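*Asks:* If you read the protein sequences in the order shown, they are chains A and B. Following my numbering, the numbering of the first sequence begins with 710 at its first residue and continues without gaps. Following my numbering, the numbering of the second sequence begins with 710 at its first residue and continues without gaps.
Derived from the structure by calculation, the hints contain no laboratory data. Predicted model, so just to flag it, every value in this text is computed and none were measured.
The list treats identical chains as one, so a pair stands whether inside a single copy or across any two.
When the alpha-carbon atoms are kept at most 30 Å apart in a straight line, the in silico DSBU-like pairs for lysine-lysine are as follows:
1) Lys-772 x Lys-722
2) Lys-1039 x Lys-721
3) Lys-1029 x Lys-1006
4) Lys-906 x Lys-964
5) Lys-818 x Lys-772
6) Lys-852 x Lys-975
7) Lys-996 x Lys-975
8) Lys-964 x Lys-1029
9) Lys-721 x Lys-975
10) Lys-895 x Lys-877
11) Lys-975 x Lys-772
12) Lys-975 x Lys-1029
13) Lys-906 x Lys-895
14) Lys-975 x Lys-729
15) Lys-877 x Lys-975
The lines below spell out each chain.
2 protein chains.
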Amino acid sequence: MASVIARKWLLKKNYEGTPKREDLEIIEEELPPLKDGEFLVEAQWITVDPYQRIVTGVGNVIKGGQVGKIIQSKNNDFAVGDLIFGYYGWSSHTICDGNPVGHIHGLRKLDPSNPVPPSTALGTGDAVPATAYFGFLDICQPKPGETLVVNAAAGAVGSAVGQIAKIKGLRVVGFTGSDEKVAYLKSLGFDAAYNYKTISTITDALKESCPNGVDCFFDNVGGEFFESVLGQMNTFGRVAICGAISQYNALELPKVHPVTTIILWKQLTVKGFIVTRWLDQWPDAFKEMTQWIQEGKLQYKELVFNGFDSIFDAFISLFKGANIGKVVVKV
Amino acid sequence: MASVIARKWLLKKNYEGTPKREDLEIIEEELPPLKDGEFLVEAQWITVDPYQRIVTGVGNVIKGGQVGKIIQSKNNDFAVGDLIFGYYGWSSHTICDGNPVGHIHGLRKLDPSNPVPPSTALGTGDAVPATAYFGFLDICQPKPGETLVVNAAAGAVGSAVGQIAKIKGLRVVGFTGSDEKVAYLKSLGFDAAYNYKTISTITDALKESCPNGVDCFFDNVGGEFFESVLGQMNTFGRVAICGAISQYNALELPKVHPVTTIILWKQLTVKGFIVTRWLDQWPDAFKEMTQWIQEGKLQYKELVFNGFDSIFDAFISLFKGANIGKVVVKV
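Use the sequences and the hints to build the structure in full.
*Replies:* Structure (structure tokens):
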């Protein structure tokens, strides 16, 4: 067989502030012939997610999931033509020994009879959907009739959290960054949605939309947003800290009011989490979320960037707040 | 019987900043004769605690527990001479109908055969000891071999938390406000103790005294202290927010760095609590703590102020940070 050139996005130096194109480089690498037990994957769909900003060390390929097709194989369990989900990051071609990479769900075959398109595996069968599912259900411990507030609500995680909360019978209030996204959230069934850029204050919006206070808060943003929502929470409220996108790219963080007094008096539970803590339960989430999508209960939107070279643009779009739904790259 | 004049400390106006003598007034009130079923209590020991700053509304007697002696009775269950714990606040004489006041543990007889002096009921059979017991055991979920950090550590709650942690097999590091208190904490068995006024930084002290990081943090202080300890916590650490004494008297709070990123990455659980949430379990705590005192495992120190008129001085001493142990007033 002809030799294959793999193209890979490497982190060249640590980001300072907003990630810049020159922080990364694309390298080309001629792959060796397969050994027994190995197969060669060609990336078809590659995921970009905010967490990728922080999980990859300098000199390494950016980590993350991809949907790929097997184009050569010396492994009896994986045949040429098989579609797989693999944790191969921003790499066009990868040689695998048949073992999962990264974590126990770092490799699995995709079912070709699944009516859901394979790219959705990046949004329903990976860290992001597991984050929405477990972060909300396990940390927020929602009860029907309660009120959830979620920010960055039109993103891949936020929009899933809001919809799962509707499935579970909660009142759902979302905050997002454009009027178009507000309309999107309302189309998903959110009871109220706000463009945080055009409202007077988050507190006023919460007073208007949460007449019975806030019981669950799924925070993707941090900073002053966190502080404002805490002020409207009910006694024994639960806060899942999933992300702090207001903070990731900040070179110097603005200070905020201390929050311990409010956590004390309202007897709040505030928990940070990283989704790998539920790694052994991920398949349960993938199964239930895929079923919800098939039943039309969970709407799923993709924003597709085209071409391996567009990965950085796709990634940086996550921090500009212009996207709706899960951002993926069609290689 | 001769009529009895009750003296009571009333909150005249809301505190601004540090409580001032003129925020309170002592009133005198002639009590009516007892009706059937009633008894008259004369206060012997009155508790002062920081939480009293916030639980009493203007025009009311300052709330809290007291140990009193029954001096008149028309109630068959309570005889003249009985010692009781009652939730009668800063009041010299109180007429009671035999029902608990304030909450279900607001009235109980003290056992005269108990070798522990009756004043200790204020420190082992009231909100403060229950706070130490449940706040630490329930919220921090300590495991033997783990490390606890507690601040305001020489106070009634802090010194009990540290000692309970030693009973449970933890490494215990305390922060307090004088060298005398540091010596006291070491005499209680704390593994390390610091005078926060004379160390360079809390972070440096923690790095020195917690080589394996911090697993449990019992916070009575808030503000920058909270932020510093979070920085030294281990993954899956637990934080009990019990108080925020750095904040209660502040007219304008200094801002702090946002903490959600650290809560997220360390997957911390931060819980605020008010001890009445475990009201039905309080007697279990009182029983176990009294036994620990009798066995010498839990040392208990009182600072006694003398006379009903000294209550305000006793109370304000709590905010000056000069005391060791539980502050009580001998009426």
